[in-house]
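Turn these sequences into a full structure, and let the hints guide you.
2 protein chains.
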Amino acid sequence: MKAEILATGDEIRTGALVDSNSAHIADHLIQSGLVVTRHHTVGDDLDELVAIMTEISGRADMAVVTGGLGPTQDDLTAVAAARAAGCDLYENALALETVERFFRERGRPMSPSNRKQALLPQGATVLDNPVGTAAGFELKIGKCRFFFVPGVPYEMKRMLAEQVLPRIAASLGADRRYSQVQTLSTFGLPESAVGELVSGLPDAFPMIKVGLRAKFPEIQVRLYCDSQDAEEGRKHLAAAADWVVEKVGAPVFSTRDQSMAEAVSELLAQQKVTLSVAESCTGGLICNWLTNVAGASDYFLMGAVTYANSAKIKLLGVRPETLARVGAVDEATAREMAEGVRRAAGADFGLSTTGIAGPSGGSAEKPVGTVCIGLATADRTIARRYTFNFGRRLMNKRIFATAGLNLLRRGLRHDPAL
Amino acid sequence: MKAEILATGDEIRTGALVDSNSAHIADHLIQSGLVVTRHHTVGDDLDELVAIMTEISGRADMAVVTGGLGPTQDDLTAVAAARAAGCDLYENALALETVERFFRERGRPMSPSNRKQALLPQGATVLDNPVGTAAGFELKIGKCRFFFVPGVPYEMKRMLAEQVLPRIAASLGADRRYSQVQTLSTFGLPESAVGELVSGLPDAFPMIKVGLRAKFPEIQVRLYCDSQDAEEGRKHLAAAADWVVEKVGAPVFSTRDQSMAEAVSELLAQQKVTLSVAESCTGGLICNWLTNVAGASDYFLMGAVTYANSAKIKLLGVRPETLARVGAVDEATAREMAEGVRRAAGADFGLSTTGIAGPSGGSAEKPVGTVCIGLATADRTIARRYTFNFGRRLMNKRIFATAGLNLLRRGLRHDPAL
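Chains as they are written, first to last, in this note's numbering: chain A, 148 to 565; chain B, 148 to 565.
One should not assume that every hint holds.
Each computed BS3-like pair below joins lysine-lysine, with the alpha-carbon atoms no more than 27 Å apart [as the list claims (entries may be wrong)]: (1) B:461 - A:419; (2) B:356 - B:382; (3) A:304 - A:290; (4) A:461 - B:382; (5) A:382 - A:356; (6) B:263 - B:304; (7) A:287 - A:263; (8) B:362 - B:394; (9) A:149 - A:263; (10) A:356 - B:263; (11) B:461 - A:461; (12) A:382 - A:394; (13) A:149 - A:290; (14) B:304 - B:362; (15) B:394 - B:382; (16) A:461 - A:513; (17) A:304 - A:287; (18) A:362 - B:304; (19) A:304 - A:263; (20) A:362 - B:263; (21) A:362 - B:362; (22) B:304 - B:287; (23) B:362 - A:304; (24) B:461 - B:513.
Per the computed footprint, the stretches of chain A lying under chain B, defined by three or more beta-carbons under 8 Å from a beta-carbon of chain B, are [as the list claims (entries may be wrong)]: (25) 155–161; (26) 165–172; (27) 178–186; (28) 276–290; (29) 452–459.
Here are a few chain B residues that sit away from chain A, every Cβ distance over 10 Å (derived from the structure) [as the list claims (entries may be wrong)]: (30) 148; (31) 166; (32) 190; (33) 192; (34) 201; (35) 236; (36) 313; (37) 325; (38) 343; (39) 369; (40) 388.
Hint data in this document are derived by calculation from the structure and do not stem from the laboratory. Small disclaimer: the values here were computed from a predicted structure and weren't measured. For each residue, glycine too, the CB sits at the ideal point set by N, CA and C.
Set out below in structure tokens:
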């Protein structure tokens with residue numbers, strides 16, 4: 148069954164807003180067993196809306212449309228859908244209840260313009276919106292089932308999951324196929340090397356399709372399984388994931404689409420150990436990533452962003468002689484920073500970064516892209532130097548921070564190669 | 148003149164990747180005076196590509212297509228364009244030179260598959276790619292001028308600016324209109340209040356269209372001017388921007404689409420003063436934002452991410468009695484943190500945040516969303532408490548960090564209301 152996705156609204160059409168809804172919807176429709184062939188965007192223009200809905204209805208079996216369900220003059224989706232389907236609008240009691248409930252629950256007065264949100268095409272089925280004023284609706288236009296949901300991402304996501312996907316699953320019935328995806332995340336190998344390592348997968352697992360995806364600075368291995376039995380599909384995926392982990396080895400840091408910070412945080416929490424971090428070139432990015440994970444206060448004690456040498460000396464106890472002898476960017480400095488921040492916080496692990504993110508500050512010996520990472524525990528301190536050449540400051544910060552967390556991950560997993 | 152945008156590739160079609168290219172292209176085409184009517188996405192499927200290019204050629208005067216110019220079997224854009232235009236492919240010497248130059252400059256061998264990237268439709272004009280292997284090209288299909296560029300964002304952006312937009316401007320000639328945009332960024336007022344303050348703008352400046360855009364946690368005022376004379380348009384915009392600054396006042400933190408961190412960094416650099424930051428609930432986000440700005444080491448001395456109370460005491464000299472008396476989230480604690488981090492670094496300004504980002508940790512007296520911000524200088528220390536109710540952890544971190552930087556900005560500007 149073919150599906151298309153339509154995002155509406157002048158903010159998206161004009162580029163004032165990036166449309167992230169369509170990617171989310173595509174991913175979930177495909178996992179429901181539909182073939183997504185096209186996405187479109189049009190603005191708040193009645194003729195364009197009617198035209199594109201009519202075109203989609205001639206090509207696709209299902210369609211999801213976002214946006215244009217609000218109370219303003221610009222919100223034209225229901226009018227356009229009625230016109231494309233050749234029917235009239237009427238005030239739907241259930242849709243009116245959705246709007247009224249929203250205001251009642253918040254103790255706010257409902258403005259007359261919100262009443263417009265209850266006007267739906269004849270023959271439409273209401274899709275409940277538990278978190279906003281705009282009810283969605285389902286409507287057949289030509290041979291195609293259209294699902295209309297709001298453009299606000301969290302309203303859309305909730306309604307897609309609770310209203311749209313179950314209806315699609317029910318209508319597929321015995322034809323339902325389960326397209327499942329599992330994402331393994333790797334760091335430290337180029338895309339070509341990962342591709343080489345997993346090149347035998349199609350032979351070993353004929354049921355599985357494999358794709359690589361660069362999500363800087365990670366390389367993800369995406370495993371796809373299309374099957375009529377969801378449980379069987381999951382088993383195939385799990386076996387293939389195990390195979391990938393064995394082939395690729397230590398560079399795999401998650402088999403569940405976690406970020407590096409999430410994977411490391413999980414290890415810290417499981418092992419009930421604590422961490423403190425000293426950042427120079429990464430400028431707080433590691434701390435920020437770690438504290439994006441709820442519950443970070445259980446294991447994350449403290450971070451020090453020691454940009455200036457004086458801060459490295461004063462806060463971390465880095466020796467002025469070391470800085471004078473080898474400079475700020477060196478394994479010896481990274482080692483003293485890691486030890487110093489571990490000691491200052493009384494943490495089990497101390498992690499440090501010092502490097503040159505650019506655009507200036509590089510030299511022939513230490514070009515932009517050079518980073519030294521230190522990791523200190525009660526027993527030992529190690530340091531590593533890497534040189535990355537992605538040029539841009541923000542990319543360098545990202546790859547430096549990921550490399551730092553990866554060294555910590557290897558330490559937490561007692562990687563014998565460390 | 149009508150323009151459409153086509154993003155190609157299975158990664159975008161399947162939702163593995165969010166397409167941010169189309170928004171960037173739409174914004175720039177509109178500023179060049181084109182009317183962007185539709186965006187589309189299709190996968191790496193020859194029939195779909197040919198079909199949609201043919202459809203676009205029947206509707207639009209211009210089109211920009213991203214993706215599918217690489218060396219692999221999946222890269223079908225040139226083949227599809229040739230088929231839609233009804234012409235053959237041939238090896239273009241200039242496109243071949245683009246590929247060869249890329250490998251030559253990097254001292255890497257060129258693989259035979261890259262030679263495929265020089266195969267272009269007959270009648271195509273090469274668009275030089277100074278930063279990648281894939282040359283772009285321009286081709287007329289039906290009545291529509293198509294511009295084909297790579298999907299890699301930084302290659303696309305560079306080629307759009309250097310190759311595509313100048314060609315569009317040249318072809319518009321005397322019909323060329325200049326659609327210019329100026330973005331003013333505000334923080335601290337709800338969208339409705341900003342809307343109220345600028346509601347008189349259309350009367351005062353009939354040449355200017357105004358739009359509000361919520362870019363959490365900022366509210367942007369976007370001024371649009373469409374004119375035949377670029378210089379005249381700029382003058383109108385500048386006058387309208389001055390008017391907005393006068394009406395909205397202190398909440399305007401940039402008239403040039405800067406981030407809050409960029410605006411603050413500019414003030415720090417101009418005033419040649421230094422800063423140190425103590426972050427609790429924002430967990431390194433302020434430091435990370437500040438160090439995303441190149442040159443941060445000139446004014447940013449140090450940051451301390453003091454999640455644990457022990458770190459607040461040890462690193463910042465917060466008094467245990469204060470913590471025992473009022474807790475970690477309080478103006479008094481924020482004040483001592485700001486003073487402590489200022490003193491530790493010997494900086495001109497000390498900034499601190501302490502609050503509850505959630506999801507847990509809230510109480511009736513201090514709900515999730517509460518933040519206290521401290522700002523210390525040699526002369527005085529101030530602290531403010533705010534309660535935001537956006538619920539989610541990452542949103543809270545963003546608004547806390549922005550509120551912190553905003554207090555610093557007001558301090559740097561000697562805001563008499565502080």
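Do the hints match the structure? See the list:
1. The suggested pairing of residue 461 of chain B with residue 419 of chain A holds, with an alpha-carbon distance near 23 Å, which does not exceed 27 Å.
2. Simply put, residue 356 of chain B and residue 382 of chain B have alpha-carbon atoms about 14 Å apart, close enough for the 27 Å limit, and the pair holds.
3. Pair hint residue 304 of chain A plus residue 290 of chain A holds up; C-alpha atoms about 25 Å apart against a cutoff of 27 Å.
4. At most 27 Å may separate the alpha-carbon atoms for a hinted pair to count; residue 461 of chain A and residue 382 of chain B exceed this at roughly 51 Å.
5. Our distance criterion of 27 Å between C-alpha atoms is met by residue 382 of chain A and residue 356 of chain A, whose separation comes to about 14 Å.
6. Annotation: proposed proximity of residue 263 of chain B to residue 304 of chain B holds, straight-line Cα distance about 23 Å (limit 27 Å).
7. Proximity of residue 287 of chain A to residue 263 of chain A is assessed by CA-CA distance (about 21 Å); at most 27 Å being required, the pair is judged to hold.
8. The hinted pair formed by residue 362 of chain B and residue 394 of chain B meets the criterion: a straight-line CA distance of about 20 Å does not exceed 27 Å.
9. Distance hint between residue 149 of chain A and residue 263 of chain A is unfulfilled; the C-alpha atoms sit about 32 Å from each other, more than 27 Å.
10. Only pairs whose Cα atoms come within 27 Å are accepted, and residue 356 of chain A paired with residue 263 of chain B is accepted, the gap being roughly 26 Å.
11. As the CA atoms of residue 461 of chain B and residue 461 of chain A are separated by approximately 12 Å, the hinted pair is consistent with the 27 Å bound.
12. A distance of roughly 19 Å separates the Cα atoms of residue 382 of chain A and residue 394 of chain A; the hinted pair therefore holds under the 27 Å criterion.
13. Distance check on the hinted pair: residue 149 of chain A and residue 290 of chain A sit about 12 Å apart at the alpha-carbon level, within 27 Å; holds.
14. At roughly 22 Å between alpha-carbon atoms, residue 304 of chain B and residue 362 of chain B fall within 27 Å of each other, so this suggested pair holds.
15. For the hint pairing residue 394 of chain B with residue 382 of chain B, the CA-to-CA distance comes to about 19 Å; that is within 27 Å, so the pair holds.
16. A C-alpha spacing of about 25 Å is found between residue 461 of chain A and residue 513 of chain A, which places the hinted pair at or below 27 Å, so the restraint holds.
17. Simply put, residue 304 of chain A and residue 287 of chain A have alpha-carbon atoms about 22 Å apart, close enough for the 27 Å limit, and the pair holds.
18. Taking the CA atoms of residue 362 of chain A and residue 304 of chain B, the gap is about 19 Å. The hint holds against a cut of 27 Å.
19. For the proposed pair residue 304 of chain A and residue 263 of chain A, the alpha carbon gap of about 23 Å is at most 27 Å, so the pair holds.
20. Proposed proximity of residue 362 of chain A and residue 263 of chain B is supported: the alpha carbons are some 26 Å apart, at most 27 Å.
21. Proposed proximity of residue 362 of chain A and residue 362 of chain B is supported: the alpha carbons are some 24 Å apart, at most 27 Å.
22. Between residue 304 of chain B and residue 287 of chain B, the direct Cα distance comes to roughly 22 Å. Compliance with the 27 Å bound is thereby established for this hinted pair.
23. For a cut-off of 27 Å, the pair hint linking residue 362 of chain B to residue 304 of chain A stands: about 20 Å separates their Cα positions.
24. The straight-line distance between the Cα atoms of residue 461 of chain B and residue 513 of chain B is roughly 25 Å, inside the 27 Å bound, and the hint therefore holds.
25. For the region 155–161 of chain A, the assignment as covered by chain B holds, since 4 residues bring a beta-carbon within under 8 Å of that chain's beta-carbons and 3 suffice.
26. Remark: the region 165–172 of chain A is confirmed as covered by chain B, as 7 of its residues place a Cβ nearer than 8 Å to a Cβ of that chain, reaching the required three.
27. Look at the region 178–186 of chain A against chain B: 4 of its residues bring a Cβ nearer than 8 Å to a Cβ of that chain, three or more, so the hint holds.
28. Here's how the region 276–290 of chain A fares: 0 of its residues keep a CB closer than 8 Å to some CB of chain B, so the rule of at least three is not met and the hint is violated.
29. Residues of the region 452–459 of chain A lying with their CB closer than 8 Å to a CB of chain B number 6, which satisfies the three-residue condition for coverage.
30. At roughly 15 Å from the closest C-beta of chain A, the C-beta of residue 148 of chain B stays outside 10 Å, upholding its exclusion from the interface.
31. Listed as outside the interface, residue 166 of chain B is inconsistent with that label: its C-beta sits roughly 7 Å from the nearest C-beta of chain A, within the 10 Å cut-off.
32. Distance to chain A contradicts residue 190 of chain B as a non-interface residue, since its nearest Cβ pair spans about 7 Å, not more than 10 Å.
33. The non-interface label for residue 192 of chain B is inconsistent with chain A: the shortest C-beta to C-beta separation is roughly 8 Å, within 10 Å.
34. Every C-beta of chain A lies more than 10 Å from that of residue 201 of chain B, the closest at about 13 Å, which supports listing it as non-interface.
35. The claim that residue 236 of chain B lies off the interface holds: its Cβ sits roughly 25 Å from the closest Cβ of chain A, which is beyond the 10 Å cut-off.
36. Listed as a non-interface residue, residue 313 of chain B keeps its Cβ farther than 10 Å from every Cβ of chain A; the least gap is roughly 19 Å.
37. The beta carbon of residue 325 of chain B is kept farther than 10 Å from every beta carbon of chain A, the shortest such distance being approximately 16 Å.
38. Listed as outside the interface, residue 343 of chain B is consistent with that label: its C-beta sits roughly 16 Å from the nearest C-beta of chain A, beyond the 10 Å cut-off.
39. Non-interface call for residue 369 of chain B relative to chain A: violated, since the shortest CB-CB distance, roughly 7 Å, does not exceed 10 Å.
40. Listed as outside the interface, residue 388 of chain B is consistent with that label: its C-beta sits roughly 18 Å from the nearest C-beta of chain A, beyond the 10 Å cut-off.
Going down the numbered hints, you'll see the structure goes against 4, 9, 28, 31, 32, 33 and 39, while the others check out.
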